[in-house]
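Chains as they are written, first to last, in our numbering: chain A, 1 to 416; chain B, 1001 to 1095.
I should point out that these hints are in silico values taken from the structure, not numbers from a laboratory. As the structure is a prediction and not an experimental result, all values here were calculated from the model. Backbone N, C-alpha and C fix where the C-beta goes; we use that ideal spot for every residue, glycine too. Be aware that a few hints might be false.
[Claimed, not checked] Cβ-Cβ distance ranges computed for the label pairs, FRET-style:
| # | chain 1 | residue 1 | chain 2 | residue 2 | range |
| --- | --- | --- | --- | --- | --- |
| 1 | A | Val268 | B | His1026 | 50 to 56 Å |
| 2 | A | Glu220 | B | Val1017 | 37 to 43 Å |
| 3 | B | Pro1006 | A | Glu220 | 41 to 47 Å |
| 4 | B | Arg1090 | A | Pro323 | 49 to 55 Å |
| 5 | B | Glu1091 | A | Glu220 | 31 to 37 Å |
| 6 | A | Arg7 | B | Val1017 | 55 to 61 Å |
| 7 | A | Pro167 | B | Leu1031 | 48 to 54 Å |
[To be verified] Selected chain A positions facing chain B (in silico; Cβ < 7 Å):
| # | residue |
| --- | --- |
| 8 | Ser240 |
| 9 | Gly298 |
| 10 | Ser301 |
| 11 | Ala303 |
| 12 | Asn307 |
| 13 | Pro309 |
| 14 | Asn411 |
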Amino acid sequence: MRYSGFRVIREALTGHRGWGPAWRDVAPQPAYDYVIIGGGGHGLATAYYLAREFGEARIAVVEKGWIGGGNVGRNTTIIRSNYMLDGNEPFYEFSLKLWEGLEQELNYNAMVSQRGILNLIHSDAQRDAFVRRGNAMILNGADAELLSTEQIVARYPFLNTDDARFPIKGGLAQHRGGTVRHDAVAWGYARAADRRGVDIIQNCEVTGFRIENGRCTGVETSRGFIGARKVGACVAGSSSRLMARAGMRLPIESHVLQAFVSEGLKPVLPGVITFGAGHFYCSQSDKGGLVFGGDIDGYNSYAQRGNLPVVEDVCEGGMAIFPMLGRARILRMWGGIMDMSMDGSPIIDRTHVDGLYFNGGWCYGGFKATPASGFAYAHLLATGQPHPTAAAYRFDRFATGRMIDEKGMGNQPNLH
Amino acid sequence: MLIDHPLLGPRDAAEFVYKGDAALIHRPDGLAEGALDAFIEYGYLRDNPAGAHRELWFHEQGDRSWLVVTRDTVTHEITQVEMARDVARREGRSR
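Model the full structure from these sequences, guided by the hints.
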């Protein structure tokens, strides 16, 4: 069924009895051409682009729980392409362009809202760094604009520009950045993939890989063996646990990142703003809650919940730039598990096992990458060659010294 | 989280800096055969288990000692805290 305004009216007049399930509930077939492990945003996007771009094939997505129940439903929903390094910026700009056409393409309202993202500047050195980054963005076809404090105050009059310790000296804006309804991304890709014949198999945990003579021939699951010509792992957060079953150790640590939402408020925050002197980012959801977050907790964790020192740190960051935040109460907070890689950048690559591919290491930047990650991974799975914008996301970059380290932190995952 | 420091008693984890897997105590021998591969593995690859994890914490805002903390990464429960010095000596490091 195609969704449209006409359809909504017709269903409203006929008691909403015509809506069917958005995707089929299927049992696994004995074998597929491609099996994608992980029914999150990236896995579902991969299946969709495989089906759309790379011909007719039998494709399955296997998911341990329910689709969209992991990090795609746990993030702060921000999209942007304000990176600096050559290995990153073309990829994230490709992703932003895919976001811009996503809803029409999927025939699904993902509430893509290009309300703009603003990175605040608090010192002269930071302005120099942001100007450089803005220029790198423009060179890669993205948009960037350096704003004065006056321009910022015109849009965000409530910001604390005269703070004694962290005065706001300007900002780097990307007007095409914004937010997306995160759950709808998973559901939209799932529905669109299903309409192209992809089998989405939920409650099906991968318990091992069948590897014969150095070649992966399928996956062992809680619902039996599923044969596959090619297997794509796409389970950021749990990558190390899954790939250990194929005998791999990864350049990844799992860390918990917390996020917060305030009680619902009238519209106060028109775009996304980030604090440049600490780590704090905030937007307002269409429901009215202020959605915000900050640093990861900083120690290995699979707990999907964090500790209080980071709560304090995040709230201090928020209070430093807009003190009115203190009048709102925090309604909910939660944690998600991040694949923190050794240079802060992701991996989309083949592995030492033929037919087994890997997508992970997204740190806490995976959501904005969803469309391009799916597209690039589908390209790699189908052609055996990396997509041009994702060619730098290799496993061997750590051995060859080609790290993509935006923050220059080195091999300390909790600092990226 | 509270870390039960062997010398100082229970301390807030916020006083500490987290380094990572306690296997980092065993730095490879740079002059040995295959040192390059050993260093790539040492520098970049991690076990990253879900469950018991031995890890290095530095008491930066305390007595500046290094500790080996055994902590469950699924529950955050800390089951053992030792001085990293003692662990290193026990595991054959002389320095």
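Taking the hints in turn, this is what the structure says about them:
1. Between Val268 of chain A and His1026 of chain B the Cβ separation comes to about 53 Å, which falls inside the hinted range of 50 to 56 Å.
2. For the pair Glu220 of chain A and Val1017 of chain B, the supplied restraint of 37 to 43 Å holds, since their beta-carbon distance comes to about 40 Å.
3. At about 44 Å, the beta-carbon gap between Pro1006 of chain B and Glu220 of chain A stays in the expected band of 41 to 47 Å.
4. Between Arg1090 of chain B and Pro323 of chain A the Cβ separation comes to about 52 Å, which falls inside the hinted range of 49 to 55 Å.
5. Under the hint 31 to 37 Å, the C-beta atoms of Glu1091 of chain B and Glu220 of chain A, about 36 Å apart, fit the expected range.
6. Between Arg7 of chain A and Val1017 of chain B the CB atoms are about 56 Å apart, so this pair conforms to the stated range of 55 to 61 Å.
7. Taking 48 to 54 Å as the suggested C-beta distance range, the pair Pro167 of chain A and Leu1031 of chain B conforms, at roughly 52 Å.
8. Taking 7 Å as the C-beta cut-off, the interface hint given for Ser240 of chain A holds, the closest approach to chain B being about 4 Å.
9. The closest approach between the C-beta of Gly298 of chain A and any C-beta of chain B is roughly 5 Å, which is under the 7 Å cut-off, so the hint is satisfied.
10. Proximity of Ser301 of chain A to chain B holds as hinted, the smallest CB-CB distance being about 5 Å (cut-off 7 Å).
11. Using the Cβ-Cβ criterion of 7 Å, the hint placing Ala303 of chain A at the interface with chain B is satisfied: the shortest such distance is roughly 6 Å.
12. Among the interface hints, the one on Asn307 of chain A holds; its C-beta lies about 6 Å from the nearest C-beta in chain B, closer than the 7 Å criterion.
13. A hinted interface residue such as Pro309 of chain A counts as satisfied when its beta carbon comes closer than 7 Å to some beta carbon of chain B; here the least separation is about 4 Å, so the hint holds.
14. The closest approach between the C-beta of Asn411 of chain A and any C-beta of chain B is roughly 5 Å, which is under the 7 Å cut-off, so the hint is satisfied.
Consistency with the previously given hints is maintained throughout, with no hint failing.
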